[in-house]
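Chains P and U are the protein sequences, given in the same order.
For the first sequence, the working numbering gives the first residue as 787, with consecutive numbering after it.
For the second sequence, the working numbering gives the first residue as 251, with consecutive numbering after it.
These are calculated hints, taken from the structure and not from any lab test.
Errors might be hidden in some of the hints.
Coverage of chain U stretches by chain P, computed from C-beta distances (three or more under 8 Å per stretch; other residues unrestricted) [claimed, not checked]:
1) 264–276
2) 316–327
3) 331–341
Residues of chain P placed beyond 10 Å of chain U at every Cβ, according to the derived structure [said to hold, decoys possible]:
4) T829
5) A872
6) P881
7) E908
8) K914
A virtual CB, placed ideally from N, CA and C, is assigned to each residue, including glycine.
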Amino acid sequence: MVGLLLVCHSPEMARGLMALVSQVAGDIPLAAVGGTADGRLGTDPMAVVAAIDQIWSEDGVLVLVDLGSSVMATETALELLTPARAERVQLTGAPFVEGAIAAGIEAKIGRPLARVRAAAEEALNQPKF
Amino acid sequence: MDSQGVAAIIRQMAAVIRREREYLTELDAAIGDADHGHNMAKGFEAVEDKVLSAPDPDVGKLLQQVGMTLVSTVGGASGPLYGTAFIRAGAQLAGRQQVEMADLPRLFEAAIAGIQQRGRAVRGEKTMLDALMPAHEALASAVSEGLAPGECLERAAAAAEDGVAYTRSIKATKGRASYLGERSIGHQDPGATSSALLIRAIEQTLAGR
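For reference, chain U alone in the conformation it holds in the complex (with noise of 0.2 Å):
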């Protein structure tokens, strides 16, 4: 896939926030600062028209810049900790104009290496954690079997919308949900959510949907 490939996937992945821009918030409001999917609506705005407008040739830089710009634009902690993931993933693919299914699994781990030493977060803290590393583990597997492009994203969805389910049961021990404590059971995690759906918009764009 070249970089107009990946320029797809994003433009998706922007598609997919914006239209569930109420429901990330109203998931926000039950348990954080009720700004989650105006945040992201606002980064992934800024990604479109900055980065996705002229996408460079470089698929690594092209990474990099979404993250810088989801930095500097998202405004909660979700900005550095996308950003940080994004530019964590571009940086395994520093020169390259192409990115192969192979090289999935490895962008996933560094995204996730980024998220974890920004967050200070380990799983099972009510986190986008929660459905990354699942959805990490997923697709790793299946890359390594050898299954077809989408077959390996579907699992990967599946597995991070599993990890969404599984924070409704937890207490959220990170981030300003973790001032609820106990009354943070019941409710679903609004980075976990969005974590799922960037995945979902993976699959949905090798899928052609």
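Same shape as in the complex, but just chain P (with noise of 0.2 Å):
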């Protein structure tokens, strides 16, 4: 099962949209990394590749990200692992929130990651209303 991670800026943030994803996609390997080691705002690359090892299968892992230094963060994190493993990490640049759910849920039935990728980035098409 593919998993997801969601990395940005704020612990809270991290909590509250990884309930929210829960919610739908069930015990899906899911992690969120928000905020400094030393509780600031802000983005951690270690701990990005803590929680790509926590939630990592052959399956790989999908990363969404809120804004600005999470890519960075995101980017050099998957420097930091070995070329295999960073072969199955993906960062998609899909809406943070539509695109964790639409993620978890695809996650959640089996698809794999270039599907559960590709259903993140079509909820840039999908308006709220």
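Using the hints, put the two chains back together into the complex; each one sits in its own frame.
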């Protein structure tokens, strides 16, 4: 089952979105990181590496981000993984909330990484109303 | 210069960042998220504690350790950006115990390439590149002219400071400041400012100041 990692600037945002995704995605491999090790708002590439380790499987991991330095933190983290593992981790620019929900549902029904990612990115074209 | 010499430069960088912490944060409060000075100070504090207390004699490893520490402790975009810069510069010096003036332009080039890749930015977008790229050009031509190390660094630092002044006249199209669009014009970029401070710190250390 594809894992989902949510990377953002705030621990509250991370926990909140993770709870929201769990509601629809049940017990998929799911992790969320936000904030720095010493409790400031921000992003921590080492926390991203640790979270990928935690939810890792050969099916791979899709990473969704809030904005700005979350992208850089994730890309930095990917360079710290073994190449074999980095190949199976994909970063998407999909909408953070809607994308995470859509990806969570796809992951839950056992779709492969490419399909889970596509579902997250399709959320970009779905207006809120 | 050996690893102790490089450590002295990084220590001076840490001191300059600590001194200008509030100034950098004020600049960031105007157009960003008001944390640049604090984030940089946190990062360099960790570098002093973890890396400079016992500097690795391999100068390449030393720079890479500085980079990894910044990556994991800064917290904002400047962590991956400056961290990648130091890691890429360090990779140029793998296995070396000495760094020469002639190496310096190549280190800047590798650092800048890392920042460009990480930030997907080019010159003229109101970022640290607007200080670093002119500094690299000034440094490369001063080194090729065979000028004294102090003069090479003086020219690099002056070019970086001109680049900082230039960021006031342009619009931000990268980073948090880009959300302000035209309203970012007139403000000085905090990342360019910290870049110029770091280059000035190299110059100060070489000049024994």
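Hint-by-hint comparison with the structure:
1. 264–276: violated (count 0)
2. 316–327: holds (count 7)
3. 331–341: holds (count 3)
4. T829: At about 7 Å from chain U, P:T829 fails to clear the 10 Å cut-off, so the statement is violated.
5. A872: holds, 15 Å
6. P881: At roughly 17 Å from the nearest Cβ of chain U, P:P881 sits farther out than 10 Å, so the non-interface label holds.
7. E908: Since the minimum Cβ distance to chain U is about 24 Å, P:E908 lies beyond 10 Å and the statement holds.
8. K914: At roughly 20 Å from the nearest Cβ of chain U, P:K914 sits farther out than 10 Å, so the non-interface label holds.
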